[in-house]
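Chains as they are written, first to last, in this note's numbering: chain A, 1 to 314; chain B, 1 to 314; chain C, 1 to 314.
Note that these hints are calculated values from the structure, not bench results.
Where hints are given, some of them may not hold.
Copies of the same chain are indistinguishable here, so a pair counts whether it falls within one copy or spans any two.
Said to hold, decoys possible - Below, a list of computed lysine-lysine pairs in the DSBU-like style, where the Cα atoms sit at most 35 Å apart:
#, residue 1, residue 2
1, Lys-248, Lys-101
2, Lys-253, Lys-180
3, Lys-120, Lys-180
4, Lys-120, Lys-30
5, Lys-120, Lys-148
6, Lys-120, Lys-207
7, Lys-120, Lys-255
8, Lys-30, Lys-256
9, Lys-236, Lys-30
10, Lys-38, Lys-236
11, Lys-200, Lys-253
12, Lys-39, Lys-101
13, Lys-148, Lys-180
14, Lys-236, Lys-39
15, Lys-16, Lys-101
16, Lys-39, Lys-248
17, Lys-101, Lys-150
18, Lys-180, Lys-150
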Amino acid sequence: MNWTRKDLLGLEELTKEEIEFIISTAESFKEVQTREIKKVPALRGKTVVNLFYEPSTRTRVSFEVAAKRLSADVINIATETSSVKKGETLIDTGLNIQALKADVIVVRHNYSGAAVMLAKHLDISIVNAGDGWHEHPTQALLDILTLKEKLGRVSGLNVSIVGDIAHSRVARSNIWGLTKLGANVTVCAPAMLVPPAIEKLGVRVAKNIDDALRQADAVNVLRMQFERDDENAFPKQLDYFKNFGITKERLLKAKKNIVVMHPGPLNRGIEMSSDVADGPNSVILEQVTNGIAVRMAVLFLVAQARDNSDQEKL
Amino acid sequence: MNWTRKDLLGLEELTKEEIEFIISTAESFKEVQTREIKKVPALRGKTVVNLFYEPSTRTRVSFEVAAKRLSADVINIATETSSVKKGETLIDTGLNIQALKADVIVVRHNYSGAAVMLAKHLDISIVNAGDGWHEHPTQALLDILTLKEKLGRVSGLNVSIVGDIAHSRVARSNIWGLTKLGANVTVCAPAMLVPPAIEKLGVRVAKNIDDALRQADAVNVLRMQFERDDENAFPKQLDYFKNFGITKERLLKAKKNIVVMHPGPLNRGIEMSSDVADGPNSVILEQVTNGIAVRMAVLFLVAQARDNSDQEKL
Amino acid sequence: MNWTRKDLLGLEELTKEEIEFIISTAESFKEVQTREIKKVPALRGKTVVNLFYEPSTRTRVSFEVAAKRLSADVINIATETSSVKKGETLIDTGLNIQALKADVIVVRHNYSGAAVMLAKHLDISIVNAGDGWHEHPTQALLDILTLKEKLGRVSGLNVSIVGDIAHSRVARSNIWGLTKLGANVTVCAPAMLVPPAIEKLGVRVAKNIDDALRQADAVNVLRMQFERDDENAFPKQLDYFKNFGITKERLLKAKKNIVVMHPGPLNRGIEMSSDVADGPNSVILEQVTNGIAVRMAVLFLVAQARDNSDQEKL
Numbered sequence: 001m002n003w004t005r006k007d008l009l010g011l012e013e014l015t016k017e018e019i020e021f022i023i024s025t026a027e028s029f030k031e032v033q034t035r036e037i038k039k040v041p042a043l044r045g046k047t048v049v050n051l052f053y054e055p056s057t058r059t060r061v062s063f064e065v066a067a068k069r070l071s072a073d074v075i076n077i078a079t080e081t082s083s084v085k086k087g088e089t090l091i092d093t094g095l096n097i098q099a100l101k102a103d104v105i106v107v108r109h110n111y112s113g114a115a116v117m118l119a120k121h122l123d124i125s126i127v128n129a130g131d132g133w134h135e136h137p138t139q140a141l142l143d144i145l146t147l148k149e150k151l152g153r154v155s156g157l158n159v160s161i162v163g164d165i166a167h168s169r170v171a172r173s174n175i176w177g178l179t180k181l182g183a184n185v186t187v188c189a190p191a192m193l194v195p196p197a198i199e200k201l202g203v204r205v206a207k208n209i210d211d212a213l214r215q216a217d218a219v220n221v222l223r224m225q226f227e228r229d230d231e232n233a234f235p236k237q238l239d240y241f242k243n244f245g246i247t248k249e250r251l252l253k254a255k256k257n258i259v260v261m262h263p264g265p266l267n268r269g270i271e272m273s274s275d276v277a278d279g280p281n282s283v284i285l286e287q288v289t290n291g292i293a294v295r296m297a298v299l300f301l302v303a304q305a306r307d308n309s310d311q312e313k314l
Numbered sequence: 001m002n003w004t005r006k007d008l009l010g011l012e013e014l015t016k017e018e019i020e021f022i023i024s025t026a027e028s029f030k031e032v033q034t035r036e037i038k039k040v041p042a043l044r045g046k047t048v049v050n051l052f053y054e055p056s057t058r059t060r061v062s063f064e065v066a067a068k069r070l071s072a073d074v075i076n077i078a079t080e081t082s083s084v085k086k087g088e089t090l091i092d093t094g095l096n097i098q099a100l101k102a103d104v105i106v107v108r109h110n111y112s113g114a115a116v117m118l119a120k121h122l123d124i125s126i127v128n129a130g131d132g133w134h135e136h137p138t139q140a141l142l143d144i145l146t147l148k149e150k151l152g153r154v155s156g157l158n159v160s161i162v163g164d165i166a167h168s169r170v171a172r173s174n175i176w177g178l179t180k181l182g183a184n185v186t187v188c189a190p191a192m193l194v195p196p197a198i199e200k201l202g203v204r205v206a207k208n209i210d211d212a213l214r215q216a217d218a219v220n221v222l223r224m225q226f227e228r229d230d231e232n233a234f235p236k237q238l239d240y241f242k243n244f245g246i247t248k249e250r251l252l253k254a255k256k257n258i259v260v261m262h263p264g265p266l267n268r269g270i271e272m273s274s275d276v277a278d279g280p281n282s283v284i285l286e287q288v289t290n291g292i293a294v295r296m297a298v299l300f301l302v303a304q305a306r307d308n309s310d311q312e313k314l
Numbered sequence: 001m002n003w004t005r006k007d008l009l010g011l012e013e014l015t016k017e018e019i020e021f022i023i024s025t026a027e028s029f030k031e032v033q034t035r036e037i038k039k040v041p042a043l044r045g046k047t048v049v050n051l052f053y054e055p056s057t058r059t060r061v062s063f064e065v066a067a068k069r070l071s072a073d074v075i076n077i078a079t080e081t082s083s084v085k086k087g088e089t090l091i092d093t094g095l096n097i098q099a100l101k102a103d104v105i106v107v108r109h110n111y112s113g114a115a116v117m118l119a120k121h122l123d124i125s126i127v128n129a130g131d132g133w134h135e136h137p138t139q140a141l142l143d144i145l146t147l148k149e150k151l152g153r154v155s156g157l158n159v160s161i162v163g164d165i166a167h168s169r170v171a172r173s174n175i176w177g178l179t180k181l182g183a184n185v186t187v188c189a190p191a192m193l194v195p196p197a198i199e200k201l202g203v204r205v206a207k208n209i210d211d212a213l214r215q216a217d218a219v220n221v222l223r224m225q226f227e228r229d230d231e232n233a234f235p236k237q238l239d240y241f242k243n244f245g246i247t248k249e250r251l252l253k254a255k256k257n258i259v260v261m262h263p264g265p266l267n268r269g270i271e272m273s274s275d276v277a278d279g280p281n282s283v284i285l286e287q288v289t290n291g292i293a294v295r296m297a298v299l300f301l302v303a304q305a306r307d308n309s310d311q312e313k314l
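The task is simple: from the sequences and hints, build the whole structure.
If you want it as structure tokens, here you go:
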């Protein structure tokens, strides 16, 4: 396959072949991480800008490590210190970064569609590192790579996603990616957190957590965002754990080798018990490792596609 | 010419030949930015410290990109996390950075004279990235490089600077640089924002915005800093735009190819209308691109001058 | 000697030979700093993560410079922007960083034992950059390197430590390191700031500052942390300076070549007078320079030890 997209905005727009191509590119980059010198010169002389409007150490660090292992120069811009304070618009900020002759912008933004908007206005590559409730494509890609490694395939797998489906870009990207690759996706959430007409995306809504786990080959457990200032947070958390928490007892009724995933950071005792998080079914840390390989693949592919398209213009 | 200054503190102290030498060095670095690998090993093994006491993403990022494209190692220090909190003086901070065997300090500070003071007490190179209302020499140098590219020369040009002249280090550095290179400089501002005796710097004060634009080959539009908490900010902004805003209508009465510059970040609809900012006369994004080349040139020249002076001491 | 520890957690656990080996490795890295290209490829392709839960520009920057001069990739994580906000535990954060295939975590934490706890749970190298009141081993190592350079040896030296002994990790690491190397350590502090039974660590408690200085070959002056919001801070500071401040007059009664050290940042006029800080006995800036060499040595040794132990497992 020949990768031609200059941007990675979401999995909704990708074909099955494109998703598989990113995954196989990531697999080859994973080997680099096992070398004594974990670096390749693929993006030497290129500049990757991490433009983060929401705090996110994990995703920023993962992209920063990935870019540096490709030998790119990395510039971090966080909202707190940015010109945003001075009222510059997102597009103006993007145009300015482009004028620095940067090659890739990795953008995290609280508005759905922020990455798409940047990609429309800029010639340089845009990678969506999470936009509002819309998509978080590299998270879904690393989940898919992990599933493939653990279970040998994605097609035909039963994957359940548990948690706040309505407000989760991780859920949306996983649904797009998994259904395109032929997995059967089930979602499970408190009634208020199931988006209406979610079945139109090709997923099944489980009746309860036991129903979600029963046939599942894998369960992807989303992070719950209970309000900190909410004085009912603690009873709500207890209640959530009682009804949706992944526990050893619940796993006993599931398939023996069920793969348990979580995008992190994990709330132990809320989304799952510690014995599950640290137990044999959990692949949470392997997801983190795979995140580097997936992000190396994505940065490499989009930068290369743009170079090729520049050459064609000559 | 042989560049011998270890520091770049302002354009006031430079000769015409020195300014021209920086500009021609920048022109040669600009070519580097067009290569597939946008990097040269000029400062390999050198350490550049960005010491920023005021938040400024644009200038910090521009210096960081410039230093990395010269293969230097870059360390960012921002006020919020600095020892400054613990009461260390600027000079002690500088001496400590020097003791780390850093090679260049790029300093942004709210006090006029901060860079000069550091340069006096330290042997390593100091580059002024803006000190109070005093100077912002690399901004003026990139403005001059842009003018030269767009209009073929600087000598004899009519350049108008519009905005808060009194509190602008960008204005001061531009006035020093442009007049040394033989341009005719006009300033235009609300009466309270014209410094007394500004004519002594060799500039003309325009009667109003139309007078400032009439003969201008270029207009450099300064950023206005309206107080955020000021409840009159909005009426003041409207008023400013009415009297000084650069609009399509006003440009119709100016020279057809007038070059419109702005140091950014732009307040659209306050300092200029969006159709001007995005129109054919605007060179705002070219200024950003030229900022990298100018800063590469400055970092390279001051670091080299210091190496030479070290060798002479042997 | 063959260095085999994957971590540097404190000087308490090290043998005399291990401390001397770090110092001699640091001496050889010091030479690198005098080259025109101040870099060696020793850690090329390795990732060093600075994980700082307390603000500390000096220590973070020193480790960052050291790691970059070893050609490592450096990732900075500061508390303010970290997942810590989202409630992730220290160990989970460490496991996540390990899963990124980082090689060394340099950790600064307000809890004593934080570095030890990370080292127990992780396979990658941990370097303690200060944990609560416990240890700050690289600070003591750079103090020891400075003493050795200035006085030719450490064994048999009389070293006085002045200041808040009770709450100082710098004091504790110095006491462990100096006594192991055969120095005679005296401590001197306001009565409330002398920990009970401190003599059990093999140190003498001086009666007053003159007693502390009389026979001293070197005095290590700790930073005092007067509460900022304390309305009695100023009188307390004056009082402290009167009773414990290192002044020219006091030094007249000490050995002529007494070495005056301070870990920085210095409170001029509180812990010592400016004429002493800037005078011929002060080695404060040489300590900063030696900090780079010591940290290069430590990063190099722990990373190498881990590589060797990985190979043995094969």
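Right, here's what the structure says about each hint:
no. : hint                : verdict
1   : Lys-248 <-> Lys-101 : between (52 Å within a copy, 29 Å between copies)
2   : Lys-253 <-> Lys-180 : within (28 Å within a copy, 59 Å between copies)
3   : Lys-120 <-> Lys-180 : within (25 Å within a copy, 43 Å between copies)
4   : Lys-120 <-> Lys-30  : both (31 Å within a copy, 27 Å between copies)
5   : Lys-120 <-> Lys-148 : both (33 Å within a copy, 32 Å between copies)
6   : Lys-120 <-> Lys-207 : neither (41 Å within a copy, 43 Å between copies)
7   : Lys-120 <-> Lys-255 : between (45 Å within a copy, 33 Å between copies)
8   : Lys-30 <-> Lys-256  : within (28 Å within a copy, 57 Å between copies)
9   : Lys-236 <-> Lys-30  : neither (40 Å within a copy, 57 Å between copies)
10  : Lys-38 <-> Lys-236  : neither (44 Å within a copy, 53 Å between copies)
11  : Lys-200 <-> Lys-253 : within (29 Å within a copy, 58 Å between copies)
12  : Lys-39 <-> Lys-101  : both (23 Å within a copy, 12 Å between copies)
13  : Lys-148 <-> Lys-180 : within (14 Å within a copy, 54 Å between copies)
14  : Lys-236 <-> Lys-39  : neither (46 Å within a copy, 54 Å between copies)
15  : Lys-16 <-> Lys-101  : both (32 Å within a copy, 29 Å between copies)
16  : Lys-39 <-> Lys-248  : neither (40 Å within a copy, 52 Å between copies)
17  : Lys-101 <-> Lys-150 : between (40 Å within a copy, 19 Å between copies)
18  : Lys-180 <-> Lys-150 : within (19 Å within a copy, 51 Å between copies)
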